[in-house]
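Top to bottom, those sequences are chains A and B.
The letter at position 302 of the first sequence is residue 301 when you use numbering that gives the first Met the number 0, and the numbering goes up by one with no holes.
The letter at position 289 of the second sequence is residue 288 when you use numbering that gives the first Met the number 0, and the numbering goes up by one with no holes.
These are calculated hints, taken from the structure and not from any lab test.
Watch out, some of these pointers could steer you wrong.
When the alpha-carbon atoms are kept at most 20 Å apart in a straight line, the in silico EDC-like pairs for lysine to aspartate or glutamate are as follows [said to hold, decoys possible]:
| no. | chain 1 | residue 1 | chain 2 | residue 2 |
| --- | --- | --- | --- | --- |
| 1 | B | Lys233 | B | Glu117 |
| 2 | A | Lys318 | A | Asp358 |
| 3 | B | Lys174 | B | Asp156 |
| 4 | A | Lys253 | A | Asp348 |
| 5 | A | Lys183 | B | Asp31 |
| 6 | A | Lys161 | B | Asp156 |
Coverage of chain A stretches by chain B, computed from C-beta distances (three or more under 8 Å per stretch; other residues unrestricted) [to be verified]:
| no. | segment |
| --- | --- |
| 7 | 88–99 |
| 8 | 175–186 |
Heads up, the beta-carbon is just placed ideally off N, CA and C, and yes, glycines get one too.
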Amino acid sequence: MKKSARSWRLMLLVAAVLAVAALAVAVAGCGGSSTTDASGTPAPAISGFTPAPMTADTILGAGASFPAPLYMKWGSDYNGVAGVKLNYQSIGSGGGISAIEAKTVDFGASDAPLEQTELEANGLAQFPMVVGGVVLVVNLDGVADGQLKLTPDVLASIYMGKTTMWNDASITKLNAGVKLPASKINVVHRSDGSGTTWIFTHYLTDAAGSIWTAGADKEIPWPVGIGGKGSEGVATSVQQLSGSIGYVEYAYAKQTGMTTTQLQNKEGAWVKPSIASFTSAAKNADWKASLPSMYMVLVNQPGQATWPITGASFILVQKDQADASRAKTMFTFFDWGYSNGATAATSLDYVPIPASVYDLVEKQVWPTLTVSGTPVWP
Amino acid sequence: MSTVDLEVKPTSSGPRGAANAAPRGHRLGIGDPLFRVLATVCGITVAVAMFGLAGVLIYDSWPAITGLGTKMLTTVAWSPSQGEYGALAALVGTALSTLVAMVIAVPLALVIALLLVELVHPAVSRVVGTAIEMLAAIPSIVYGMVGLFVIVPYVQDHLVPWLLTTPLANVPGIKPGLQFQGGGLSIFTAGVVLAIMVLPFITAVSRDVLKMVPQVTKEAGYGMGSTTWEVMRKISMRYANSGIVGAVFIGLGRALGETMAVAYLIGSVYTDLPRSLFDPGTSIASLIANQFSEATRTLDLSALIELGLILFVITVLFQIAAQAWLRRVQRVTGGRA
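Produce the entire structure from the sequences given, and follow the hints as far as they go.
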């Protein structure tokens, strides 16, 4: 009995020594700004991101959280088809851009496209992978889904804090027959930087620039309103605050059964958010004019059926790929996503890229990407 | 298996007992030195972690400290896309939400602690005491969600509309400001949830301090003809006074740094100072949580790390104050704290 107690303590002691040793190694490893590998060459430590082992059958991606569920679904479907794994880290658009600039991933993903100059400065290329819509959600008693109508000017005025009551004449004029309360409009926006805000504020700037003067970016100094963290934060805030209005991705609004609004589009037609109205925006946009950068803001596009707050989510890759077989694997996956991923996309409430657009990407963009001078595609 | 078993056996086992009575590890002769080395390494690790953290925070926030200077502390708006890095709104929001939390939690915690120590049966005290300690183990995101789904709609739909019909509606601090959005997501709501979160910490420490009040002293009070209330107020509370202040500091430290619950409840307004408790605002920790994922430029990241440094310094100062106070308690009560 005594002996067992002693050996038990000895084991504890050994475990403690090991734990401390591990801790000491960890502290030493984190303390230095660079580590040295066995051959003596210093390897730069990239803060906060450790690349997984580079095997040819794993594609590494990181970035925007909005398309993450779709990329993960595609990844698992494609693994079944081709035996290639996709490791996608949903760390936000900004993180995705940093990761591809630092070449720690095969591709980055961003909801906001980069401008041509920025692409060139970092040797990157970009192309759209999937389309999504941003919709307005309200919490108003007695107002049904898709019933309330708003024009860009009214919406901008609400988000500027100029229109403050639901029974304001500018709103009731558009909504004859809808009972609007004499209560304050509680404005909700995102509190974190996000591609959704980037799309929404670009829409307000583009469609109601004379009223909306607060700028367009991933985060802006909001004139009015409260911030919700993430789409789920905005959605729950709107659900909890009566008389509130907010903007979220379509998938969120649909899956949580929130009350969406109609908007007046560029042609003056009233449209409801739907896969069809987002597709219309993607089809009617002049993608050819966006070449070679493919910088495209999909808001306020022409077309009778077009939902005006639509945005594309982009893939960012290095223009000069390091490894021919890895590049081939990755672009084969993207091609599979374009041509076979539409059903999965629609089932998750994303909008597939129209064939005319991905045809343009595969014929005009991919052939300009190279591995030591040879095009990676076709 | 019991320790008694281990200690009795050697002395009763004849001639070998004498050898076995020597300190454990004697056979190898390395037990004590090994443990000493181990303990020293562990101790140093804590110090290295602490100073390493401070060092990294200062190093990484240096671009912001030199580039932005005091603008960080004196300007209001935070919008990296516009080149604005003002943390004043976050500082004010942190102070106000913590104040609300303390005003609610401290009296409540004291009453509960007195109840547990002085008034209820020890068995009840144990059960209730354990329940309160379990409150401390709930992840903060859960408090944030409960706040969002239960407290926010109540404040928005009932409390604030009622409050605005009373004469209090025009009192500064309650009178809605420009950013008022119904009061549901506001500094007040964040403070209420913070109060629930720090309550177990303050209660547990206060209870332990009140337990230390010598029974003899209290009985002397009763012997003088005092009522229970008088004994609690004039003897227990006075005796435990400084210990309770220490407990409050511990709660304060936690409220200052709370992140996720506040991020969900405070309303996240970065562009204006709150004019009332029912206005939305922001706090240092929730601002960091909200802005970190999209902060990619050096200055953005550096400014956020400087916020972390500010919070670190404030928290350390409060902890030092709390430790100093608790040491004083030990001296006053003869080392029983």
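Each hint tested on the structure:
The suggested pairing of Lys233/B with Glu117/B holds, with an alpha-carbon distance near 13 Å, which does not exceed 20 Å. The suggested pairing of Lys318/A with Asp358/A holds, with an alpha-carbon distance near 19 Å, which does not exceed 20 Å. With a C-alpha separation of about 17 Å, the suggested pair Lys174/B and Asp156/B falls inside the 20 Å cut-off, and the hint holds. Of the supplied pair hints, the one linking Lys253/A and Asp348/A holds, its CA atoms being roughly 8 Å apart against a limit of 20 Å.
Of the pairs offered as hints, the one joining Lys183/A and Asp31/B is violated, with about 72 Å between alpha carbons and a cut-off of 20 Å exceeded. With a C-alpha separation of about 23 Å, the suggested pairing of Lys161/A with Asp156/B is violated against the 20 Å cut-off. Residues of the segment 88–99 of chain A lying with their CB closer than 8 Å to a CB of chain B number 7, which satisfies the three-residue condition for coverage. Evaluation of the coverage hint for the segment 175–186 of chain A: fulfilled, as 3 residues show C-beta separations to chain B shorter than 8 Å, against a requirement of three.
In terms of the numbered hints stated before, the structure departs from hints 5, 6, listed from lowest to highest.
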